[in-house]
Amino acid sequence: MKSGAQILIEGLKEQGVDVIFGYPGGVVLPIYDELYDADIRHVLVRHEQAAIHAADGYARASGKIGVCLATSGPGACNLVTGLATAYMDSIPVVALTGQVPTSLLGNDAFQESDITGITMPVTKHNYLVQDVRDLKRILREAFHIAGTGRKGPVLIDIPKDVSTAMVPDVDGPDQQPRLRGYKPNYQGHGKMIQRAADLLVKAERPIIYAGGGVISSNASAELVAFAERMCMPVVTTLMGLGCIPTDHPLNLGMLGMHGTEYANYAVTESDLLFSIGVRFDDRVTGKIETFASGAKIIHIDIDPAEIGKNKPVDVPIVGDARSVLSDLLKKVPDSCPHPEWSKKVAAWKKKHPLRYSDDGKLHPQFVIRKLAEILGEKGVVVSEVGQNQMWTAQWFRFTRPRQWVSSGGLGTMGYGFPAAMGAQVACPDQPVVVLAGDGSFQMNIQELGTVAQYNIPVKVIVLNNRFLGMVRQWQQLFYEHRYSYTELPEVHFEKIAKAYGIEGSTVTDPAMVEQAIRAALDHPGPYVLDVRIEREENVFPMVPAGANISEMIVGHHTTHEEE
Amino acid sequence: MPAHIFSVLVEDCPGVLSRVTGLFSRRGFNIESLAVGHSEQPDTSRITIVVSGNDTQIEQVKKQLNKLIEVIKVLDISEAEHVERELALVKVKAEPGAGRSEIMQVAGIFRAKIIDVGSDSLVVEVTGDSGKIAAIEDLLRPYGIIELVRTGKIALQRGSAMAAQGK
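Residue numbers (this note's numbering), protein chains in the order written: chain L, -6 to 556; chain V, 52 to 218.
Hints are not guaranteed to be accurate.
Per the computed footprint, the stretches of chain L lying under chain V, defined by three or more beta-carbons under 8 angstroms from a beta-carbon of chain V, are [claimed, not checked]: (1) 102 to 115; (2) 171 to 179; (3) 292 to 302.
Incomplete in silico selection of chain V near chain L, CB under 10 angstroms [said to hold, decoys possible]: (4) LYS113; (5) ASN117; (6) GLU121; (7) LYS124.
Derived from the structure by calculation, the hints contain no laboratory data.
Don't be surprised by glycine CBs; every beta carbon is placed ideally from N, CA and C.
So that you can see chain V by itself, here it is in the shape it has in the complex:
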């Protein structure tokens, strides 16, 4: 079942996230990733949800999302050409010595940044699609990943199309 990326423009008000996520859990869908933040319009937020399902299920979820009063617009971004990004912060063991510079080299190849340096650890910040983040995770694992945190996926359609017009 292919993953779908929904971009949902909602009123920025209390409870709206739980209404949206409640729709998924009620139908037994597992949300693979979720990202929420203010949109370009005042008083609105954009929720990006990644979820897998067959076509009928996805169609039903889209219609149910549209029924929510506080949902202004639902777009299945994965239906069209789009760009997508995730961000991860990885805290890696890095004793002073050769290992530490290897980690910094790996980070450089991935255009990742070292954003914190401790006496025996580094925090690496990396941005990209899921594949890139998985790849750097694999490369850093042998050094010892202490903690990893990643955001949900965010995505935009290519070109000037905009997911902002009302229902």
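Just chain L, with the same shape it has in the complex:
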């Protein structure tokens, strides 16, 4: 005989789970009792939201499935933002929640919430386990669903009496996944792949538009091989950063609202948009009618519902990006130069580089470039959400997939720091650095307690401008400088860190930046580096919401340029 809690822990081990981020409470006591001497690592966070962001960061950095655990009611409800974050970015996470005993379900019992009802729109699937004999099967189904097809979060709600119930431990056909309604399609359709190949060979101004799907399907090598073979420039979404190295000659960086000018021009002028693992999000397309309006569109996606959702597509290919790209590589010639187009793109790149002011003040772009120089090929870079995120996306030099961890679709402030804990647990031998703003860092700053307790050596670089900078930027540009509730008082992050027993320092002079970053990276434990940046620095280029992406606000001119 085994208890539900025992079956759960054994099931997690069967799935290869080595760490759980969690927070205990009343109805998960039986599960915690089982965890007490289980050989699964448990990281006690300071807030359940951090548990799910950490599981998400772990998943993004490692490619494995992240797991978190929370109690019923408030514990479960605190997971909601994290589930929505993972759902929007298609990140595989399994969230386990405790629930009041089945006899009290629907009774407004203490710490009861209908978490399967609440999370239905923000999970790929969820379960309320009502019979302990279903638990083993449900666990297997949950991991299968989370980690296949278009990945995503799955929640399992486990009533207390299910955890404590004793049943014979059987493992037969009834314990195997039973998912007749779930059969993701990996293999692209041969006829569509041929049509795509024909268009790709004929195109005169082709461009690749690559997104998170490329990272998720581990298709980066195939993507770079394809781009090189076809001499196609590549633009990536925020989620796609790292699928081709920043310094690759074909890489035009990020497109969209804060994309590079040359990426947006190239997409606008292209005659073939080869879209891979992307979803034509409004922050990418701007005004959808004018987005790549002269281009034929090929769209590869594992999720049929993404194809044609926002923009009509000429060649739809439902399938896994890696599988389809491999098939396509067999159908295109060994070389396919577009000299005129390449020249045009190169000219844009030369004429409109990213830039920032060279007035000698402390600019965030400079901090990020220094960090990139020092890290080289090493490290995982995590951002919070806002200006810090866009500056990092623009100025960091990405060298490989899964090096970049950031909340894209949902744009969750407070995501970065806990996600970095998860990434650090997944990659103990890599430096993990968070680029945060003073606003977003304070949304989950309590996790300093967690990194201190477990000596998780995350380095937090706070780009501190005492503003909710991105909102302030919009107020400056579109609301006549009326800074309504976006100014924050000065906070000494170094002192807060020290109160938790964490090392930190504060930098106000650009000349000290390099040394300070090196000191932070050399420190064996967690570290908080408070960098007092130019307060009213803006993120440029910028496409106003809903405008044509080739019409950008570009900002200042006496500048440092990217090399």
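Given chain L's structure and the hints, the job is docking chain V onto it.
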């Protein structure tokens, strides 16, 4: 915008109806009618949903329905030749006298049945497509409809085609 009839074969388990209907409400669609019951296969139910929308919206709803783990098969029945039926029960005022026999005559013409007779009311059961039910409703209204209840539409494709094969 034409009405579409979706026939959705689902796993028969708790919460599945709310997953399906949630998809519609999240996208601002109004479900015009809904009918749920067991299908010909064990452990499955068939949900028939009538909804209006333009082609892009309908296509998206169909794809989103297919994404639900517990949805086994989605068919837009209105795309092909099909038969459809609704059932209504109408409680009509019927004092003893001439009115009562007129109501019974109307029911006869519509091949409806009188399934309950009270001292001053009748319950009429009628089956048919929406048009037929609307027609009998109109004819019974002058006598005084006390209460009316109707099921959602159910529908099947004509011929031996079956909406049962997996995705």
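Hint check results:
For a cut-off of 8 angstroms, the count of residues in the segment 102 to 115 of chain L with a CB near a CB of chain V stands at 4, and the three-residue condition holds. Coverage of the segment 171 to 179 of chain L by chain V holds [criterion: at least 3 residues with CB-CB distance below 8 angstroms; count 5]. Under the rule that three or more residues need a Cβ within less than 8 angstroms of chain V, the assignment of the segment 292 to 302 of chain L holds, with 5 such residues. With a least beta-carbon distance of about 9 angstroms to chain L, the hint placing LYS113 (chain V) at the interface is held under the 10 angstroms criterion.
Look at ASN117 (chain V): its Cβ gets to within about 7 angstroms of chain L, closer than 10 angstroms, so that hint holds up. Hint status for GLU121 (chain V) relative to chain L: holds, with the closest Cβ pair at about 6 angstroms, below 10 angstroms. For LYS124 (chain V), the suggested interface contact is upheld, since its CB lies about 8 angstroms from the closest CB of chain L, less than 10 angstroms.
Comparing the model with each numbered hint stated earlier shows that all of them hold.
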